[in-house]
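**Q** Read top to bottom, the protein sequences are chains U and D. The numbers in UniProt numbering rise by one with no breaks, and the one at position 162 of the first sequence is 162. The numbers in UniProt numbering rise by one with no breaks, and the one at position 126 of the second sequence is 126.
Worth flagging that the hints you see were computed from the coordinates, not collected in a lab. Backbone N, C-alpha and C fix where the C-beta goes; we use that ideal spot for every residue, glycine too. Among the clues, some could well be false.
To be clear about the criterion: a stretch of chain D counts as covered by chain U if any three or more of its residues have a C-beta under 8 Å from a C-beta of chain U, and this derived list gives those stretches [claimed, not checked]:
(1) 16 to 25
(2) 132 to 140
(3) 209 to 221
(4) 366 to 378
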Amino acid sequence: MKLAYWMYAGPAHISTLRIASSFRNVHAIMHAPLGDDHFNVMRSMLERERDFTPVTTSVVDRHVLACGSREKVVNNISQKEDLQNFVDRASSYSESDVILADVNHYRINELQAADKTLEQIVRYYLDKARREGFLNRSLTDDPSANIIGISTPGFHNQHDCRELKRLPSEPGISINQIIPEGEFLKNLKDLSRAWFNIVPYREMSLMAANFLEKEYGMPHILTTPIGILNTADFIAQISKIVNLWSFSLIEKKVNYDLYVENQTKFVSQATWFSKSIDCQNLAGKEAAVSGDATHAAAITKILVREMGIRVSCSGTYCKHDADWFNEQVQGLCDETIITEDHTEIGDTIARIEPSAIFGTQMERHIGKRLDIPCGVISSPVHIQNFPLGYRPFLGYEGTNQISDLIYNSFNLGMEDHLLDVFGGHDTKEENIKSLSTEKNNIHWSYDVESELKKIPGFVRGKIKKNTEVFAKQNNISTITVDVMYAAKEKLSS
Amino acid sequence: VKNFEIPAFECETGNYHTFCPISCVAWLYKKIEDSFFLVIGTKTCGYFLQNALGVMIFAEPRYAMAKLEEGDISAQLNDHEELKKICLQIKNDRNPSVIIWIGTCTTEIIKMDLEGIAPKLEKQIGIPIIVARANGLDYAFTQGEDTVLAAMAHRCPKYKNSELRQEPTNKIDNSSQIKINNSSNNNFIYERIELPKSKLVLFGSLPSSVASQLNLELKRQSILVLGWLPSQRYNELPSLGEGIYVCGVNPFLSRTATTLMRRRKCQLIGSPFPIGPDGTRAWIEKICSVFNKTPVGLNERENQIWKAVQDYTRIIKGKSIFFMGDNLLEISLARFLIRCGMVVYEIGIPYMDKRYQVAELLFLQQTCKKMNTPLPRIVEKPDNYSQVQRMHELKPHLAITGMAHANPLEARNINTKWSVEFTFAQIHGFSNVQDILELVTRPLRCRSGIMSDFQSLSKQT
Chain U
1 MKLAYWMYAG PAHISTLRIA SSFRNVHAIM HAPLGDDHFN VMRSMLERER DFTPVTTSVV
61 DRHVLACGSR EKVVNNISQK EDLQNFVDRA SSYSESDVIL ADVNHYRINE LQAADKTLEQ
121 IVRYYLDKAR REGFLNRSLT DDPSANIIGI STPGFHNQHD CRELKRLPSE PGISINQIIP
181 EGEFLKNLKD LSRAWFNIVP YREMSLMAAN FLEKEYGMPH ILTTPIGILN TADFIAQISK
241 IVNLWSFSLI EKKVNYDLYV ENQTKFVSQA TWFSKSIDCQ NLAGKEAAVS GDATHAAAIT
301 KILVREMGIR VSCSGTYCKH DADWFNEQVQ GLCDETIITE DHTEIGDTIA RIEPSAIFGT
361 QMERHIGKRL DIPCGVISSP VHIQNFPLGY RPFLGYEGTN QISDLIYNSF NLGMEDHLLD
421 VFGGHDTKEE NIKSLSTEKN NIHWSYDVES ELKKIPGFVR GKIKKNTEVF AKQNNISTIT
481 VDVMYAAKEK LSS
Chain D
1 VKNFEIPAFE CETGNYHTFC PISCVAWLYK KIEDSFFLVI GTKTCGYFLQ NALGVMIFAE
61 PRYAMAKLEE GDISAQLNDH EELKKICLQI KNDRNPSVII WIGTCTTEII KMDLEGIAPK
121 LEKQIGIPII VARANGLDYA FTQGEDTVLA AMAHRCPKYK NSELRQEPTN KIDNSSQIKI
181 NNSSNNNFIY ERIELPKSKL VLFGSLPSSV ASQLNLELKR QSILVLGWLP SQRYNELPSL
241 GEGIYVCGVN PFLSRTATTL MRRRKCQLIG SPFPIGPDGT RAWIEKICSV FNKTPVGLNE
301 RENQIWKAVQ DYTRIIKGKS IFFMGDNLLE ISLARFLIRC GMVVYEIGIP YMDKRYQVAE
361 LLFLQQTCKK MNTPLPRIVE KPDNYSQVQR MHELKPHLAI TGMAHANPLE ARNINTKWSV
421 EFTFAQIHGF SNVQDILELV TRPLRCRSGI MSDFQSLSKQ T
């Protein structure tokens, strides 16, 4: 047993639901007690989803438990076998395909489970297509790629997806399929027709990509195109892969150098920004970075190599990917911290006292506590991470967004400090006092003062004012609890 | 027990959405100021509460998860030792007056003997430990509060009948005095009265300002409330026992009511709940009748409120409403809105205790007769999918629904209001009637011109 207050990654079943509700025409059924489907609420509210979330809870209550699943549920390590029987039977009754999600709640977290579920689904449909002779092994005529790992409600996933579609299209690469978001399962059989796979978030799709490589010989690009340097590297890898086949299929070699140069110098503003004078002022400032492996590593690289900012500490909560992460940020930061415990991260940040933090919502609140500005660069997600406007983290547009985020975080922090130093903020105390000392002798009795204190601060001033107006209107000189409540009833709130 | 004919209701035993009952921690830890809530469950529970508490989690609330891991489930670790470690840590960090253990689905299934471990641990660490099982197998959403209060009821001190016979001459506390108002031509003149405390304990967790308002209403009828369960602080729990009358303020507290009656031998006052001016009046009237007091000025008070909210009732008069159901407040809210002039098509509700809610159900029936509207259909454990189909046919003006369905229904041109807001808004008493109406009318009021041209904003055909 562990005492826990907050976790970065959710439980395994949440990601199964994520993958299921990302595909089209997939419905997830949870055999679970009331309340376990709060995923529906999250997805509906965060993504402002217009359609019903395709997840139903088949409610397990005391009766259901007593009538049959008790032994199975208690012994939940071997539970899998019994549920598999259930699944097999359901398949024979239903026209839909029924799959049992193979994820162990205690051993893997949300990200690993998403990875596994996606791989399971891809494997199932490709194996099925191969068995039934539907598999189309021929490559597409023109170079194409699959994007693997876009799901709901992922951190800026929708925006990243748009950018990822755009990015290879100018060099002439079309997109074969995007999974799981928005894809029909029946189309999965054509997955292997693409020339290669793009894996933007290694936490969520590495297993599926590895499977496709092993079974179908599909290469994949693991570099996430975040930041100028990584994006250039990403495009270089594309050209290498395309050139393997290009000579025989399209009879020429491709070279994207000019494209990359153009984008880097003129379309993305990030490179110019890092040369501009006010960015030079950021050089040497200290930052702390934390988040999922992909984003934390990428942001660390951008800060150090593209903007000349010092990263004192870089960390991730993806413990299972620690090796990869350490390798990525080696030499770029003073210390790394791999932990799921937010208090450790909080203590480290408190010790370092950077000028800015780049992390998750938890780090944003750590920053508020320590009075250090923070830009959010990774899940766990919050409503703020689902902006209506276009805000990718990937690609060339992404470099602009990131530069803005970094610059504003440092700058607004500076602004606040300056205001503090020179006493710029008005004190609110003055305003409220002036309301009640208006040339009258309204007296607040003792017991109502204590009632007033129970009212939350941001409403208190208004209520106080309302009550005094009411008292004046009715020629009341002493305000009692009665008067306060009568005022509430009479005047509109 | 008189033979009443209560409205018929059906039980659909469907698949419906509501929150897990451990969500009660979110408001109870705030209400009981010296408490600490320890939820003993898995990652699923923790993740849910983290999202339910939202930003409050960053304020380091008096709540934590005892996260069960594989070793705990397969009984490799000693539960007693593990819980002891955790409780000692809590004692050191926060030093609460009481630790409340919340049992979850997992502790139910692995049959963790929380009730056996708690008393021993209590002796060892010196802090009272209360065990409440709030799991989704047995309860829905607000019933979490019910099980916590039922567990707390056992800790209330024993009421000694002799206490009340003493004349309260020496101990004058502010709450029993009402200041005299000098002005002669206003309505708020009261005499200086020293009231003996009545043998009345109210139960239900309400924000303290609302509790004070209800106390005040009863004080006007010369009834001084002895105490509340839960009290603001654990150390101020009211005395319970034979001779004490108890009355609930919320419809989902049936278990607490039963515990107070059977285990603590209190007398339950069954009444409609103080939601809406009609409900509040009926509630006060019933309490007055039990204490043999003639209610003073209640009709005027109620009419005053109805007049004050005329602008709101005008907007909703004649409009129809559909409750999908999740927080068990549905019957009371429906009854109030019917009295306001609305038509209620259907009331979905996760669970209804017919005996505890009998007065409210009868009141519902009477209100429908009075307003000449048909009795709504009451569905226990509704099936959400079927309800959505019914809503498409019935086309109500407003649907009260949970957050999982609100957005999709809006995209399909059905006005909705989140039901959860009614759980957290102040809806009890005379003074808060406007708040309820504000919530109900908002979706009907702020429909701008742009949207009225679109039939459906859904992406599905």
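**Q** Hint by hint, note whether the structure agrees.
**A** Hint-by-hint comparison with the structure:
Coverage of the stretch 16 to 25 of chain D by chain U holds in this model, with 8 residues showing a Cβ closer than 8 Å to a Cβ of that chain against a need of three. Coverage of a stretch by a chain is defined here by at least three residues with a beta carbon nearer than 8 Å to that chain's beta carbons; for the stretch 132 to 140 of chain D and chain U the count is 6, and the condition holds. Remark: the stretch 209 to 221 of chain D is confirmed as covered by chain U, as 4 of its residues place a Cβ nearer than 8 Å to a Cβ of that chain, reaching the required three. Remark: the stretch 366 to 378 of chain D is not confirmed as covered by chain U, as 0 of its residues place a Cβ nearer than 8 Å to a Cβ of that chain, below the required three.
Violation of the numbered hints given earlier is confined to hint 4; every other hint is satisfied by the structure.
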